[in-house]
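So the protein lines, in turn, are chains A and B.
By this note's numbering, the letter at position 287 of the first sequence is numbered 298, and the numbering carries on one by one without gaps.
By this note's numbering, the letter at position 268 of the second sequence is numbered 297, and the numbering carries on one by one without gaps.
FYI, nobody ran anything at the bench for these hints, they're computed from the structure.
Ideal placement from N, C-alpha and C gives every residue a C-beta, glycine not left out.
Be a bit skeptical, because a hint or two may be false.
[What the hints assert, rightly or not] Distance windows between CB atoms, simulated:
id, chain 1, residue 1, chain 2, residue 2, range
1, B, TRP375, A, ILE322, 42 to 50 Å
2, B, ASP340, A, SER151, 42 to 50 Å
3, B, SER31, A, ALA153, 20 to 28 Å
4, A, CYS248, B, THR448, 38 to 46 Å
5, A, ALA278, B, VAL364, 55 to 63 Å
6, A, ALA255, B, ARG148, 49 to 57 Å
7, A, ALA255, B, GLY190, 47 to 55 Å
8, A, LEU162, B, SER31, 42 to 50 Å
9, A, LYS263, B, ARG148, 29 to 37 Å
10, B, ARG432, A, GLU52, 55 to 63 Å
11, A, ALA23, B, VAL241, 37 to 45 Å
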Amino acid sequence: MTPTLLAQIWFAIICLEAALYVVLDGGNLGIGMLSLVPQPEHERETIMRAFGPMWDANETWLLIAAATTYGAFPMVYSIALNALYIPAFVFGVGLVLRVASYEFYCSSGQRLWRFLFGVASLLAVVGQGFLLGGFISGISIANGHFAGGPLDWATPVTALFTLGIVFGYLVLGYTRLINFASYELSPNALLQLSSATVIAACALIAGALLLPHANYLYFDRWTVLPSAYILYVIAACIAIVCAAFAYNVLTKTHVRELYYLSMAIFALGFVGMIVGVYPYILPPNVTIFEAASSPATQVFMLWGIGPILPIVLVYNYYIRRIFRQDGPEY
Amino acid sequence: MSPLILSRIQFGDTAAFHILWPVMSIGIALYMVVMESMWLYTKEESYYRQLRFWTKIFVLTFAIGTASGLPLSLEFGTNWSQFAQAAGDFMGNILGFETTIAFALESAFLAILIFGWKRVHPLMHLFSTFMVFIGASISAFWIMVANSWMQVPEGITVQNGLIVVTNYSQAIFNPDSVVSFMHMMGACVESSLFLIGGIAAWQLLTTEAGPVRDFFRQTLVYCLAIALFVAPLQVVIGDMSGLVVAQYQPEKLAALELQWDTNAPGEGAAWDVVAWPNSTNNGNAFAVSIPNGLSLLTTHSMEGTVQGLNDFQASDRPSEMEAVITFYGFRLMMVIGFLLVALALWSIVLWWKGGLSSERIARHRAWLRCWVASIPLGFIATEAGWMVREIGRQPWTVYHLMRTADSVSIGLTSYEVGTTTLVVTAAYLVFAGVFIYLSYRIVRSGPDLVSPLP
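Could you build all of it, start to finish, from the sequences and the hints given here?
Here it is in structure tokens:
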């Protein structure tokens, strides 16, 4: 295999892992944040029970994505985390607190841990928004090392993306809750859902429109063929799914299936982002070919890790089948 | 303080805290695998009760282990970006293996282990418990591979400032990796057994005669049966591990023995029981020594040559302060290793005399107190051993290839690193406190001996 093809294969694998993470764990993060919203006690319990056995396996996709990024593109891992020190820290604290507080809650049943679990979910999502915003806006690099300041990531684009992601995950979480058989739909649930969706959409669209200003690469992407065409098609698809989503919400039909529609919107947005940056992996400076580790390493990883990924996937499905919808009994 | 020093404190701090939990997870998981196998094999209810009870504590250790390990992998990028980049060809790959193969395995099977009691076949459940243990052990294997390669980097070449792997089997099975992995696994099992046994001994001291006391008597006896093999074995593996250091890291050996001058041919090097460097840092101000001891320990011959610190440039070997820490860390680990062997032997003598029967076991109060006192010992030894290993490697991150000072991230401010260190440390202290509180509650409320079997 040529080094070019290897880098492309690994880029595709990592994108897939990250997409799986966003789609699978996004709902959990959203539900976690929802637990902070005032609501009756029994609904909070439904929320906590909803995580049950799956969320650990879901979060694994994030760790796999991060670790394979380091293996296949060491330059990305080191430069991006160096540059995005504070976002990475916020994200890390969120994840750490989330794991620990969930387990402490299960063991002790104390409300403090349930509250901290919600806070941790929020922190993790905000951290993701910061990371994504900083990463997309561009990192200044000189001589193969980070060459900027500690607050370079704090831009309007980052703020808008973070807002969009927080509300986007809330939508994912809310629709997932509705998806559970035992969840009772409160009268104003759909109203809340629609407003969260509108906020998320506005913030993400505004962020995307500001992008060419932050990073000239995107201006090319939006005007030069063929990437422009692909992006237009993806945007049209997103618009169609959004319309279906809005129709179902307004007519209150198929509400339990809204979860799949919102996952589709996230997945399409993710694809759009990849088309928008490829072949850059640290836009607008470093391509996947420049950041790749040695071909020997990428081949070794492909043989070692490649076969495991489908197994993990099948396994995730198996667990999901054993524990179906509503979460376990202890 | 500089970002470099603060980053070292942060990594040391987070790593020292993190290592406690995998040690418990792996050790307790092994205990669980043994209990579940025995239960399915003998159909004896008591094994099932043991399994269910210790699973509660296992779950806590596993969660804190996962949580506290996350910042470590982030820190490679955030605080040690130059190292992450230069050594990424190997380190990234190996950490990728660790996460994908091992971590994915254990966290996935954990779901069945915890929630699957009524949903899967008992053999599938045993298999899940086993896979959680195997997953955690493979995880430890890859972490030890990564770390041992930093100690003895083989199978690589340097191109344009990047370390590139030329031979994976040499890099993975470097002279240090297998023996270090075994030493670490020994530490996991031994520390956990004395933790479990110690908790049981504490309950034997404080509970009335009855089914609960019998439960903890069984725990202690099972632990003892495994500890008998593990404790002496760990001393032997430790010695093997020392031989690797002597051969491949003579600077580290000289530092952890505070050996300043190379012994002359025909004369053995003495082993210092206690020592302290002099003010000019080229010899010891005082030392209490056993003649020929060091030669015997590290070369297994009376007059083997042991290089001294003065043979190396001061900038290429651990500093005096670092040497003192490794010197006493090593001795602490060794003393604990022998103390635990002694306690295991004492226990076997009691067992032999029939002193561990349910009527008589609670009468041996001094012996039970020793078990209680041994609860933290394995963990202290593990920490001390890691300090010897990591501080003794200084001033290098990758031995003789990359210096710690050249590994740190670019453009960090002390303010950033200081803040993150404080937050993470505070969070970890809270986790430790909550863990102790919750496990205290679990142990105090005792095992569930009545619920129906699955």
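Tested hints:
Our hint of 42 to 50 Å for TRP375 (chain B) and ILE322 (chain A) holds, since their Cβ atoms are close to 47 Å apart. In this structure the hint that ASP340 (chain B) and SER151 (chain A) lie 42 to 50 Å apart at CB holds, the actual value being about 45 Å. At roughly 22 Å, the beta carbons of SER31 (chain B) and ALA153 (chain A) sit within the given window of 20 to 28 Å. Between CYS248 (chain A) and THR448 (chain B) the beta carbons are some 43 Å apart, a value that agrees with the proposed interval 38 to 46 Å.
Taking the beta carbon of each, ALA278 (chain A) and VAL364 (chain B) are about 58 Å apart, inside 55 to 63 Å as hinted. With their beta carbons about 35 Å apart, ALA255 (chain A) and ARG148 (chain B) fall outside the hinted range of 49 to 57 Å. The supplied range of 47 to 55 Å is met by ALA255 (chain A) and GLY190 (chain B), whose beta-carbon atoms lie about 53 Å from each other. Checked against the given bound of 42 to 50 Å, the beta carbons of LEU162 (chain A) and SER31 (chain B), roughly 20 Å apart, lie outside it.
The hinted range of 29 to 37 Å is satisfied by LYS263 (chain A) and ARG148 (chain B), whose Cβ atoms lie roughly 35 Å apart. Taking the beta carbon of each, ARG432 (chain B) and GLU52 (chain A) are about 57 Å apart, inside 55 to 63 Å as hinted. A beta carbon spacing of about 57 Å between ALA23 (chain A) and VAL241 (chain B) contradicts the range 37 to 45 Å that was offered as a hint.
Against the hints set out earlier in the document, violations occur for numbers 6, 8 and 11.
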